[in-house]
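Trainee: Chain by chain, the residues:
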Amino acid sequence: MAKDISFMQYMRAHGNTAGPTQRPLLTGAISGLLAFVPYEAVLRLSGGRASIAAGFDINMWTSTAINMVVMVLAGMIYAAIFKRAANDCRGGWIFGASYGFVLWMIAPITMWQLLGSRELAVGTAAMGLFGAHVLFGLALGTVFPWIHFLIQSRLSNINDQRMQMGQSEQGGK
Amino acid sequence: MAEFMFATGIECSAPTIDGGRWRVDQLESTGHYKHWRRDIELIREVGLKFVRYGPPIHLIFTAENKFDWSFTDKVFEAMRELGVEPLVDLVHFGVPDWLENFQHEALPEAMGAFARAFAERYDWIKFYTPVNEMYVTARMSALDGVWNEQMRSDRGFVTATRHVAKASVLMMTEILRVKPEAIFINSESSEFHQPCCPDPEIERKADFENQRRFIALDLLYSVPVRGDVYTYLLDNGMPREEYEWFMSRKIGRRAILGIDYYEWNEKLINSDGHIEMLGELFGWYVITMQYYKRYRRLIMHTETNTADAEEAPNWLWRQWHNVRLIRQDGVPVVGFTWYSLLDQIDWNIGLSKPLGNVFPVGLYDLNRDPRPVALAYKHLVEIYRKEPLLAGTDLLEMS
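Residue numbers (the numbering used here), protein chains in the order written: chain L, 1 to 173; chain G, 1 to 399.
None of these hints come from the bench; they were simulated from the model. Since the structure is predicted, the reported quantities are computational estimates derived from the model, not experimental observations. Don't take each hint at face value.
[Stated by the list, open to error] Far from chain G, by Cβ distances over 12 Å, these chain L residues were calculated: (1) V37; (2) G47; (3) F56; (4) D57; (5) M76; (6) D88; (7) A97; (8) M111; (9) L115; (10) E119; (11) M127; (12) I158.
[As the list claims (entries may be wrong)] Computed footprint of chain G on chain L, listed as stretches where at least three residues anywhere in the stretch have a Cβ under 8 Å from a Cβ of chain G: (13) 19-27; (14) 150-157.
Quick reminder that beta carbons are idealized off the backbone N, C-alpha and C, glycines included.
Full structure from sequences and hints, please.
Mentor: Dropping the structure here:
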């Protein structure tokens with residue numbers, strides 16, 4: 001009979017958890033910040049940013065600042081979901097683009113429909129919202145492996161720290 | 001000065017499947033052909049010096065007396081440069097296309113020629129595994145019908161066993177001609193079959209399987225097989241003269257017995273007479289002791305891993321404590337191996353289909369990011385780096 005295990009246990013057993021040298025949340029935050037640049041550019045060019053600001057009754061720069069924080073968080077959530085798979089140079093872009101699509105489904109489509117009193121955007125602005133989210137995901141997934149490569153620790157440094165902390169022989173566990 | 005050998009391996013299995021239409025080349029599917037230099041650097045990053053490494057024989061030995069060393073020249077040069085000592089697996093579950101499979105009559109002599117050519121080209125290499133896991137090679141190819149010839153017959157199994165054992169003898173002979181100080185590590189899968197119940201037929205079957213696991217090593221090391229196994233060999237096509245030839249060889253002290261251990265090595269013969277995986281019942285210590293008592297050779301723990309990446313550091317330490325305990329009991333273990341450096345592909349289904357499933361057993365994943373077990377192994381090696389060699393291991397001292 002098959003063991004009754006949770007999805008997360010399954011994922012852990014299949015080696016998806018981050019390794020000892022990795023800093024997934026920091027990588028996600030930096031990558032989210034970088035991916036925000038093309039995202040914002042598309043929103044500005046398409047009129048999507050103006051629609052968002054109008055939808056919330058705030059000015060464009062405040063809207064941009066709040067959105068930037070949200071997208072940094074989105075980068076960290078991406079890292080938490082995809083974990084080790086996010087480090088893949090070849091597959092990262094498609095994980096990211098898929099994630100961007102899901103972000104669009106959740107935020108401008110679902111959440112706004114629940115919370116907003118009028119439509120968020122129409123026409124070019126609506127297309128800009130869609131394109132910006134997919135582009136954000138694409139950029140996030142593409143830069144993530146490279147950022148990770150730059151900021152991860154060296155295996156030797158981590159082990160030295162553990163040794164200095166006086167861990168027992170079983171400290172490798 | 002000789003030292004205890006902490007090692008890893010670069011998974012290099014390359015059998016054919018599906019009637020020879022596919023070759024499941026692990027060096028290809030794990031990206032080693034592209035990232036070979038980085039992979040060698042990773043070995044040093046974990047603090048290791050020794051690596052089990054199988055050159056792709058199907059790409060090198062392209063025809064009789066024809067060799068293409070273009071890939072291995074680069075790799076072995078980089079190993080020398082970075083101070084990595086290879087334990088070379090010359091045959092790892094696959095043979096070149098022109099030899100087809102392990103039933104080929106010309107296989108032993110051809111492998112001898114390959115070994116000689118290899119040793120001449122890389123005369124600085126000291127450690128060799130002529131044929132990796134001879135029992136598994138013969139079983140999976142000719143008894144379980146999974147790889148290469150994909151036969152399901154005792155005659156096929158005996159033929160494959162004869163060929164790999166003879167190939168090993170000839171390869172060792174040829175290498176010693178070129179490099180008399182070479183050392184061999186005959187890596188074999190530790191196997192054990194437990195009868196489920198006091199049913200005479202089940203017990204007979206388990207007993208026979210527990211003899212069958214020894215046949216290839218018995219032939220290699222000139223240890224007489226049991227009477228019923230001798231009859232089994234002769235009934236399935238082994239010439240009496242060939243058996244006598246094996247028994248007359250003296251392989252000498254330069255061969256270390258490598259014992260691999262995985263969770264699936266211990267098996268249960270259930271009440272239907274079928275073989276089931278048992279998990280870790282007795283463990284590496286007990287099974288290795290059975291092999292040691294039979295062959296009385298230096299021992300190396302030559303492969304282990306676990307499919308649960310989170311559990312891997314615990315498994316590593318459990319295996320290591322088995323090694324330490326058996327050394328305390330006087331068994332001369334000279335090395336330990338976490339296999340492999342990288343995750344593997346499709347080993348969860350025994351390489352039976354080319355699905356592309358990642359088997360997360362590596363010290364590093366296929367992005368070359370370390371897993372927790374890499375850190376644990378590095379820590380272990382640092383603690384036990386000065387593990388002394390035991391009495392009787394002067395073979396390594398002399399080298």
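Trainee: Now, for every hint given, state plainly whether the structure supports it.
Mentor: Quick rundown of the hints versus the structure:
No Cβ of chain G approaches the Cβ of L/V37 within 12 Å, the least distance being about 25 Å, so the stated non-interface status holds. The beta carbon of L/G47 sits about 39 Å from the closest Cβ of chain G, which is more than 12 Å, so the claim that it is off the interface holds. Every CB of chain G is more than 12 Å from the CB of L/F56 (nearest about 40 Å), matching its label as outside the interface. Non-interface call for L/D57 relative to chain G: holds, since the shortest CB-CB distance, roughly 45 Å, exceeds 12 Å.
L/M76, annotated as away from the interface, keeps every beta carbon of chain G farther than 12 Å; the closest lies near 18 Å. Chain G draws L/D88 into its interface by the beta-carbon criterion, the shortest separation being 5 Å against a cut-off of 12 Å. Distance check for L/A97 against chain G: the nearest CB is about 19 Å away, which clears 12 Å, and the non-interface claim stands. For L/M111, the non-interface assignment is confirmed: its Cβ lies about 33 Å from the closest Cβ of chain G, beyond the 12 Å cut-off.
For L/L115, the non-interface assignment is confirmed: its Cβ lies about 39 Å from the closest Cβ of chain G, beyond the 12 Å cut-off. L/E119, annotated as away from the interface, keeps every beta carbon of chain G farther than 12 Å; the closest lies near 42 Å. At roughly 35 Å, the least C-beta separation between L/M127 and chain G is larger than 12 Å, which holds for a residue marked as non-interface. For L/I158, the requirement that its beta carbon stay farther than 12 Å from each beta carbon of chain G is not met, with the minimum near 6 Å.
Check on the region 19-27 of chain L: 4 of its residues sit with their Cβ under 8 Å from a Cβ of chain G, so the three-residue criterion for coverage holds. Counting residues of the region 150-157 of chain L whose beta carbon lies closer than 8 Å to any beta carbon of chain G gives 4, which meets the minimum of three for the stated coverage.
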